[in-house]
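> Reminder that position 33 of the sequence shown reads as 33 in the UniProt record's numbering, one-by-one numbering, no gaps.
Please note: incorrect hints may appear among the correct ones.
Cross-link-like lysine-lysine pairs, in silico, DSS-like; alpha carbons within 30 Å at most [what the hints assert, rightly or not]:
| # | residue 1 | residue 2 |
| --- | --- | --- |
| 1 | 67 | 206 |
| 2 | 68 | 197 |
| 3 | 83 | 67 |
| 4 | 207 | 70 |
| 5 | 83 | 27 |
Per label pair, the in silico range of CB-to-CB distance [claimed, not checked]:
| # | residue 1 | residue 2 | range |
| --- | --- | --- | --- |
| 6 | 61 | 157 | 42 to 52 Å |
| 7 | 84 | 44 | 14 to 24 Å |
| 8 | 48 | 90 | 33 to 43 Å |
| 9 | 148 | 87 | 12 to 22 Å |
| 10 | 188 | 102 | 32 to 42 Å |
| 11 | 54 | 209 | 50 to 60 Å |
| 12 | 8 | 53 | 19 to 29 Å |
| 13 | 138 | 8 | 39 to 49 Å |
These are calculated hints, taken from the structure and not from any lab test. Please read all numbers here as calculations on a predicted model, not as lab measurements. For every residue, glycine included, the Cβ atom is placed at its ideal position computed from N, Cα and C.
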Amino acid sequence: GIFALVLEVDPELSWRDMQYLVMDTAKPFSAPGVVWNQTGIGKQFSHAFGYGKIDTYDLVQKAKTWKKVKPQAWFFSPRLEVKEAIPEGPTGVSANFTVTQDMLKEANLERLEHVTVFMNANHTRRGDISVDLISPSNMVSQIATTRSGDEHYAGYVNWTFMSVAHWGESGVGTWTLVVRDTVQNEHNGTFVDWRLKLWGESIDAKKATELGMPTEDEYVDLPVTPSPTPTASPTPTAT
Numbered sequence: 001g002i003f004a005l006v007l008e009v010d011p012e013l014s015w016r017d018m019q020y021l022v023m024d025t026a027k028p029f030s031a032p033g034v035v036w037n038q039t040g041i042g043k044q045f046s047h048a049f050g051y052g053k054i055d056t057y058d059l060v061q062k063a064k065t066w067k068k069v070k071p072q073a074w075f076f077s078p079r080l081e082v083k084e085a086i087p088e089g090p091t092g093v094s095a096n097f098t099v100t101q102d103m104l105k106e107a108n109l110e111r112l113e114h115v116t117v118f119m120n121a122n123h124t125r126r127g128d129i130s131v132d133l134i135s136p137s138n139m140v141s142q143i144a145t146t147r148s149g150d151e152h153y154a155g156y157v158n159w160t161f162m163s164v165a166h167w168g169e170s171g172v173g174t175w176t177l178v179v180r181d182t183v184q185n186e187h188n189g190t191f192v193d194w195r196l197k198l199w200g201e202s203i204d205a206k207k208a209t210e211l212g213m214p215t216e217d218e219y220v221d222l223p224v225t226p227s228p229t230p231t232a233s234p235t236p237t238a239t
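Build out the structure end to end from the sequences listed, making use of the hints.
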């Protein structure tokens, strides 16, 4: 119903335009146990409620003057090999990848919208694992949390997570993925590898291309690059 009202204002809005409008007009709110953290572009974000409650009036009003975003662009890192045992405790295993301005210029990527992480982490009890993605602005996205009822014995195999917590950031700088096992028991695992994918608005709409469908062997045949590991996990601004 709400989005139908927005599309009455401008039927040509894309799914990405709609997400920009919602993010830009949503309102954080106070409630017991709800934590809000400031993103890299100064917005308030909650892992439970995203950017807040939808404000129908503001959403419709903003749509009346909205300038449509340019076509989508993307940047994919190499497949980054880690192959480190995940220690029990709060430290975990950290791996990073640095994105440069030249990389994004070549990819025709101006600013971020969605960030996805493809990863492999073997573990004899998947629910013991948590995964945080930390952007260059030090914004933390909790892309996986521990789950007491998850008894799966294989961990995360060819798993893709997505986050919108880094919306609007440039993407330039060092991205860090932290895999933790904070549950003390007989179960253990290994952080095997990962791949960072940045999605967003193109720099030059004329250079935008269509993304082909992925193949089943996309990751099997992907060249592997050793992933740098920092000496210590960075201190996050959100947990």
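> A separate judgement is required for each hint: does it hold in the structure or not?
Results for each hint:
1. 67 to 206: Distance of about 17 Å is within 30 Å: holds.
2. 68 to 197: 23 Å, holds
3. 83 to 67: Judged against 30 Å, a Cα distance of about 45 Å means the pair is violated.
4. 207 to 70: 11 Å, holds
5. 83 to 27: 42 Å, violated
6. 61 to 157: 42 to 52 Å: For residue 157 against residue 61, whose Cβ atoms are near 46 Å apart, the range 42 to 52 Å holds.
7. 84 to 44: 14 to 24 Å: For residue 44 against residue 84, whose Cβ atoms are near 34 Å apart, the range 14 to 24 Å is violated.
8. 48 to 90: 33 to 43 Å: 22 Å, violated
9. 148 to 87: 12 to 22 Å: 20 Å, holds
10. 188 to 102: 32 to 42 Å: 40 Å, holds
11. 54 to 209: 50 to 60 Å: Hint violated: Cβ distance 33 Å, outside 50 to 60 Å.
12. 8 to 53: 19 to 29 Å: 21 Å, holds
13. 138 to 8: 39 to 49 Å: 40 Å, holds
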